[in-house]
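A.B. asks: What follows is the residue order along each chain.
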Amino acid sequence: EAQVTQNPRYLITVTGKKLTVTCSQNMNHEYMSWYRQDPGLGLRQIYYSMNVEVTDKGDVPEGYKVSRKEKRNFPLILESPSPNQTSLYFCASTQTGDPHQPQHFGDGTRLSIL
Amino acid sequence: AQKITQTQPGMFVQEKEAVTLDCTYDTSDQSYGLFWYKQPSSGEMIFLIYQGSYDEQNATEGRYSLNFQKARKSANLVISASQLGDSAMYFCAMREGLTGRRALTFGSGTRLQVQP
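If you're matching them up, the sequences are chains A and B in order.
Using my numbering, the letters of the first sequence map in sequence onto residues 4 to 117.
Using my numbering, the letters of the second sequence map in sequence onto residues 22 to 137.
Chain B with its partners taken away, still in its complex shape:
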């Protein structure tokens, strides 16, 4: 079973509008972290925002916020006031538990295109 599911391969948004990128996850661990990364066309992987499994408040970082619904196992990224520079691939990722490889498990990504 997929641990991280991103159902939107591509999204378009008008400049200055808000956009929501969907992410659902699957884990039996109580302690886990959820992360969003941005990958521009130049290829680097940029950390955007983090949500912990024990956090009761939704995370926010500038124009990025994370809509965390633990019971639904969803962690959607909201980008407010989109800018042309937001055009990129966005990956949802999870890091589980207190033992084992502690690897990040990534979703397949959503390609966001911001239109002027």
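The following block holds chain A by itself, in its conformation from the complex:
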């Protein structure tokens, strides 16, 4: 089954404790992206990757890191999480950067930073 898999689905942690949210897709997609969803602010792009070893900032990259060492994986790293990073996070992927292709989303990760 074609899918984007995120882990964990839920995480409660404390300020400053490094964490990684994993994202994996099995569709051989080139383009991958991370979004965060916040009430009143909607979904905003954090980082994206056009292909392996090619990553770039989205709208709200501060406090996050990403890497794309393999085509299928695109982890999101919070090196020193803070409460303002409490949010619902989505990983998404598309075959390419073509605007006519829908992005397929993972099920989301609810992060709470205390």
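Take these hints with a grain of salt, some might be off.
[As the list claims (entries may be wrong)] In silico DSSO-like cross-links for lysine-lysine, where the CA-CA straight-line distance does not exceed 30 angstroms:
{"no.": "1", "chain 1": "B", "residue 1": "24", "chain 2": "A", "residue 2": "68"}
{"no.": "2", "chain 1": "A", "residue 1": "60", "chain 2": "B", "residue 2": "94"}
{"no.": "3", "chain 1": "A", "residue 1": "20", "chain 2": "A", "residue 2": "68"}
{"no.": "4", "chain 1": "A", "residue 1": "74", "chain 2": "A", "residue 2": "20"}
{"no.": "5", "chain 1": "A", "residue 1": "74", "chain 2": "A", "residue 2": "60"}
{"no.": "6", "chain 1": "A", "residue 1": "20", "chain 2": "A", "residue 2": "60"}
{"no.": "7", "chain 1": "A", "residue 1": "60", "chain 2": "A", "residue 2": "21"}
{"no.": "8", "chain 1": "A", "residue 1": "60", "chain 2": "A", "residue 2": "72"}
{"no.": "9", "chain 1": "B", "residue 1": "24", "chain 2": "A", "residue 2": "60"}
In case anyone wonders, no lab produced these hints; they're calculated from the structure.
Got chain A sorted already, so can you dock chain B onto it with the hints?
C.D. replies: Frame of chain A, contents of chain B only:
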């Protein structure tokens, strides 16, 4: 300026009736894609339907259709024969152009409640 505008924060519809969710967009690109996503209370983001800027026909996917009026820059979602399981948040989104971040830009969403 807002790139995607959804003016209906909430909508009610009776089961088995049709409902239209409004979406207008703003772009200067010639090549763009318009998408609708459904987000149930469980939180996942489900792709429903796509309309391309060059498409002359309105898109349809089962009970979902997209009323695309390019000159008005509108891309309204029509759900026919509403079901209780259609109760969710619905987001209109756009992906623009052939360069840049290729991010999806989302509207603020419409919460649809289907009543029995």
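A.B. asks: Each of the hints needs a verdict: does it hold here or not?
C.D. replies: Comparing the hints with the structure gives:
Restraint check: the Cα-Cα separation between residue 24 of chain B and residue 68 of chain A comes to about 27 angstroms, which is no more than 30 angstroms; the hinted pair holds. The hinted pair formed by residue 60 of chain A and residue 94 of chain B meets the criterion: a straight-line CA distance of about 28 angstroms does not exceed 30 angstroms. With a CA separation close to 14 angstroms, the supplied pair residue 20 of chain A and residue 68 of chain A stays within the 30 angstroms bound. Only pairs whose Cα atoms come within 30 angstroms are accepted, and residue 74 of chain A paired with residue 20 of chain A is accepted, the gap being roughly 27 angstroms.
Between residue 74 of chain A and residue 60 of chain A, the direct Cα distance comes to roughly 18 angstroms. Compliance with the 30 angstroms bound is thereby established for this hinted pair. Among the hinted pairs, residue 20 of chain A with residue 60 of chain A is consistent with the structure: their alpha-carbon atoms are about 23 angstroms apart, no more than 30 angstroms. The suggested pairing of residue 60 of chain A with residue 21 of chain A holds, with an alpha-carbon distance near 20 angstroms, which does not exceed 30 angstroms. Restraint check for residue 60 of chain A and residue 72 of chain A: satisfied, since their Cα atoms lie roughly 17 angstroms apart, inside the 30 angstroms limit.
Between residue 24 of chain B and residue 60 of chain A, the direct Cα distance comes to roughly 20 angstroms. Compliance with the 30 angstroms bound is thereby established for this hinted pair.
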